[in-house]
Amino acid sequence: MTSSGDEADREAGAAASRPASGPDAVPADMAGLAAAVHELELEEHHRPPPAGPISNLIVAGMVAALGLAAVVGSLALGVGSPGEPGPGTWPLLIGVTLLALSVVLAVQARRTTDAERFTRASWPVLAGLATMIVFVAVIGVIGFEIPAALLTLVWLHYLGGESWRLSIVISIAVVVAFYVIFVGALSVRIPHLF
Amino acid sequence: MDFAPVLEGFSVVLEPTNLLYCLLGVLIGMLIGVLPGLGPAATIAILLPLTFGIEPVTAIIMLAGIFYGAQYGGTITSVLLRLPGEASSVVTVFDGFALARQGRAGTALGIAAIGSFIGGTVSVVALTLVAPLVAGFALDFGPPEYTALALLGIVLVATVSGGSRLKAVIAACVGLLLATMGRDGFTGVERFTFGNLSLADGLDFVPIAMGLFGLGEILYNLEERHDTVKAPSTVANVWPSREDLRRSAPAIGRGSVLGFALGVLPGGGATLSSMAAYAIEKRRSKTPERFGQGAVEGVAAPETANNAAATSSFIPLLTLGIPANATMAVIFGALLIQGVTPGPQLVSEEPELFWGVVNSMYIGNILLLIMSIPLVGVFVRILRVRASILAPITVLITLIGAYTVNNNVFDIGLVVAFGVVGYLMKKFGFDPGPLVLAFVLGSLLETSLRRSLLLFEGNPVGFFTRPISGVLLAVFLLVVLLPFIRNLRTRRRADAADRHTETYR
Chain A
6 MTSSGDEADR EAGAAASRPA SGPDAVPADM AGLAAAVHEL ELEEHHRPPP
56 AGPISNLIVA GMVAALGLAA VVGSLALGVG SPGEPGPGTW PLLIGVTLLA
106 LSVVLAVQAR RTTDAERFTR ASWPVLAGLA TMIVFVAVIG VIGFEIPAAL
156 LTLVWLHYLG GESWRLSIVI SIAVVVAFYV IFVGALSVRI PHLF
Chain B
3 MDFAPVLEGF SVVLEPTNLL YCLLGVLIGM LIGVLPGLGP AATIAILLPL
53 TFGIEPVTAI IMLAGIFYGA QYGGTITSVL LRLPGEASSV VTVFDGFALA
103 RQGRAGTALG IAAIGSFIGG TVSVVALTLV APLVAGFALD FGPPEYTALA
153 LLGIVLVATV SGGSRLKAVI AACVGLLLAT MGRDGFTGVE RFTFGNLSLA
203 DGLDFVPIAM GLFGLGEILY NLEERHDTVK APSTVANVWP SREDLRRSAP
253 AIGRGSVLGF ALGVLPGGGA TLSSMAAYAI EKRRSKTPER FGQGAVEGVA
303 APETANNAAA TSSFIPLLTL GIPANATMAV IFGALLIQGV TPGPQLVSEE
353 PELFWGVVNS MYIGNILLLI MSIPLVGVFV RILRVRASIL APITVLITLI
403 GAYTVNNNVF DIGLVVAFGV VGYLMKKFGF DPGPLVLAFV LGSLLETSLR
453 RSLLLFEGNP VGFFTRPISG VLLAVFLLVV LLPFIRNLRT RRRADAADRH
503 TETYR
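Sequence lines, in order, name chains A and B. Those letters in the first sequence? Residues 6 to 199, by the numbering used here. Those letters in the second sequence? Residues 3 to 507, by the numbering used here.
Take these hints with a grain of salt, some might be off.
Covered stretches of chain A (chain B as the covering partner; in silico rule of three or more C-beta atoms under 8 Å from a C-beta of chain B) [what the hints assert, rightly or not]:
no.	stretch
1	33-43
2	48-57
3	102-116
4	137-146
Bear in mind the hints are in silico, worked out from the structure with no lab data behind them. Glycine included, every Cβ here is placed at the ideal spot set by N, Cα and C.
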């Protein structure tokens with residue numbers, strides 16, 4: 006990868022010295038191309054705006070906490086010595102690396118732009134997650150049919166913006182299809198009501 | 003080189019079951035390539051439970067088909083909707099969509115299909131010749147070599163992954179940490195199980211991959227505001243003209259070679275090679291201003307290269323046991339579940355599996371060529387299926403699939419939990435790919451490291467006294483340190499420039 010990195014550098018230099026051939030021109034160097042590709046994806050996906058430095062600090066803190074937990078845990082397991090590595094040697098190495106990297110993450114918190122803010126658009130995620138949790142909670146008791154139909158209905162009508170009629174028809178069709186395939190044809194031992 | 007096992011591989015492929023699963027695989031691959039949303043890694047992860055009941059060869063033939071089939075399918079949305087179905091087809095958008103606007107969508111799709119077919123086939127032939135050599139070379143690798151190789155593989159994948167390099171390395175470390183859960187192979191001590199019996203054997207690969215790649219991606223997509231789907235333009239005349247073929251032939255040739263070479267490198271893969279192929283064509287062209295305005299070479303080169311790379315990225319997996327990208331990590335997991343450990347011994351000990359999978363790619367590419375030229379209209383019609391309808395169906399397949407692994411509700415819970423982790427990772431700029439990759443390599447890396455340390459009696463200098471591990475570790479250090487060095491250099495240059503302007507003020 007080192008060679009292509011150098012190449013990208015050289016190419017970027019070459020691109021800078023060349024006169025631009027118009028605002029819409031597609032770049033011919035790797036760095037420019039990667040940026041153009043990234044822009045295209047952002048434009049297509051309408052992602053929420055970047056998160057502020059505090060969220061980035063919290064992320065760094067979580068990485069640090071994980072690293073610390075690994076270090077503490079591996080010390081308890083026994084770290085051994087380089088000549089006779091113990092069960093804790095490897096987790097200790099990872100934990101220390103995580104701690105070090107979390108410091109870098111914290112230092113860069115102000116300049117980080119690749120984390121996203123939670124916005125109103127994040128509510129559907131929570132709703133989608135809730136339907137899955139309900140599914141897990143009740144499948145053992147009442148089988149998969151009712152929670153599966155409910156999950157499909159919520160995703161189609163509330164999260165997908167489909168009409169009531171279409172949502173109900175598809176939900177029933179999906180459950181019937183799953184029943185025929187999993188219970189009927191494949192005889193998978195999934196809990197079912199009927 | 004002995005060609006008998008290579009030919010025997012064809013008899014494996016031509017068994018009706020294997021042919022059927024090959025067709026199924028490339029069909030699914032083509033579909034998920036066409037449908038924006040899930041990538042090949044996510045799809046393969048979601049379908050892992052399906053492969054449990056079938057033979058290892060058959061399973062891997064199907065999963066491989068999904069991977070290279072997706073490279074074909076991704077082109078269709080790039081060209082018709084300016085909406086790349088696959089990351090590796092993003093550059094195709096520039097010229098493919100321009101061609102479509104000129105009413106030449108058929109030409110773009112035809113050239114892309116032919117290029118993909120040639121790139122894929124050239125790459126399989128090259129793989130057939132190269133893979134046994136690499137495997138033979140790696141047969142006497144010891145623990146120090148594997149330590150260095152695994153470290154290098156992880157750091158290379160982290161380096162070229164989509165987002166921030168630092169975050170990719172952090173994700174990889176978390177993957178390594180997750181891999182340490184469960185009983186320690188050397189001492190039998192239980193590590194990080196919190197007294198939980200179902201964690202005593204460590205975390206399973208399947209719920210992690212299904213959750214991080216599958217549910218994580220679906221939850222993440224819920225946050226996106228979708229524009230009303232643009233009606234795809236009609237596709238006519240898929241057969242390219244003689245002039246178009248003449249223009250794209252050299253691009254296809256160079257794309258095949260470049261794609262093969264970059265695909266072998268860990269972290270290289272389809273996306274990087276498609277961009278590199280496009281860049282090279284534009285710079286070599288006598289008329290670079292045509293690029294972005296509908297140059298057929300601008301479609302031919304990246305589409306050839308991404309397919310060649312998808313195929314050649316099987317080399318490090320099947321010959322060294324080191325997956326080169328996220329999708330290969332999932333296939334690595336699938337092999338382990340089937341009781342097959344990928345590595346240099348695979349070619350000689352499991353020739354049927356090895357050559358069966360490799361030779362299935364010839365058939366798969368022919369099937370894909372048929373699907374993308376005469377049958378392209380069928381797939382264009384599929385573009386009208388809305389993502390909002392597919393999402394709940396995918397969720398249900400994932401949840402029920404997770405249950406079928408061990409007939410256990412706990413596993414569905416685990417998948418949902420890792421789905422949340424995957425969503426949060428993507429939300430905060432961490433690519434889940436390096437985590438999954440590091441997780442599958444974790445126990446190999448730890449075991450080799452501890453064996454090496456025992457071998458060297460605790461003196462890490464030993465790694466550098468063995469030529470192969472020494473070179474690999476030197477490259478590893480170079481890759482790790484290079485960004486810092488470059489940072490310093492640019493900063494110094496910027497300082498010098500500042501001083502320069504000050505003196506002239």
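Verification of the supplied hints:
Under the rule that three or more residues need a Cβ within less than 8 Å of chain B, the assignment of the stretch 33-43 of chain A holds, with 7 such residues. For the stretch 48-57 of chain A, the proposed coverage by chain B is satisfied: 6 residues have a C-beta within less than 8 Å of a C-beta in that chain, meeting the threshold of three. Under a criterion of three residues with beta carbons nearer than 8 Å to beta carbons of chain B, the stated coverage of the stretch 102-116 of chain A is upheld, 7 such residues being counted. Coverage of a stretch by a chain is defined here by at least three residues with a beta carbon nearer than 8 Å to that chain's beta carbons; for the stretch 137-146 of chain A and chain B the count is 6, and the condition holds.
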